[in-house]
Amino acid sequence: MEPEQQPTRHEIGRRTYLVADVEPLDVNGVRTLEVGTALWLVAFVALLPFYGSLSDDGRLWWLWTCLAGFGLGLFGLEYCRRRRARGAQSA
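One gets this note's numbering by counting positions in the sequence shown from 1 and adding 294 to each.
Note that these hints are calculated values from the structure, not bench results.
All of these numbers come straight from a predicted model, not from anything done at the bench.
Beta carbons: idealized from backbone N, C-alpha and C, even for Gly.
Any given hint could be a false lead.
Label pairs and their calculated CB-CB ranges [what the hints assert, rightly or not]:
hint: 1; residue 1: 305; residue 2: 352; range: 52 to 58 Å
hint: 2; residue 1: 337; residue 2: 314; range: 35 to 41 Å
hint: 3; residue 1: 353; residue 2: 323; range: 30 to 36 Å
Given these sequences and hints, build the entire structure.
Structure (structure tokens):
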């Protein structure tokens, strides 16, 4: 049986940090952007029935903020998908 490897200790000032030797997660951001973009769309659709009251209260910008979040999410999603594809080609 191999002895268990201890984490590396770094002392910076009066603090001591333990750094374990682990591999980073393979995160490309596509799932996060899919969920976030979908939530902006759900919020937009959920606010549509309240268009009149939002307009009367001067809060119509809530609706357009949701639509802008959805649109920007689509751009970000395409960016991350292309980045993931380039990473897969180079690997």
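*asked:* 35 to 41 Å was suggested as the range; check whether the CB atoms of residue 337 and residue 314 agree with it.
replied: 39 Å, holds
| said: Given a hint of 30 to 36 Å, does the C-beta separation of residue 353 and residue 323 actually sit inside it? | reply: Since the Cβ atoms of residue 353 and residue 323 sit about 31 Å apart, the hinted range of 30 to 36 Å holds.
Open item on the list: Looking only at beta-carbon atoms, does the pair residue 305, residue 352 fall within the given range of 52 to 58 Å?
Closed with: 56 Å, holds
Checked against the numbered hints given earlier, the structure satisfies every one of them.
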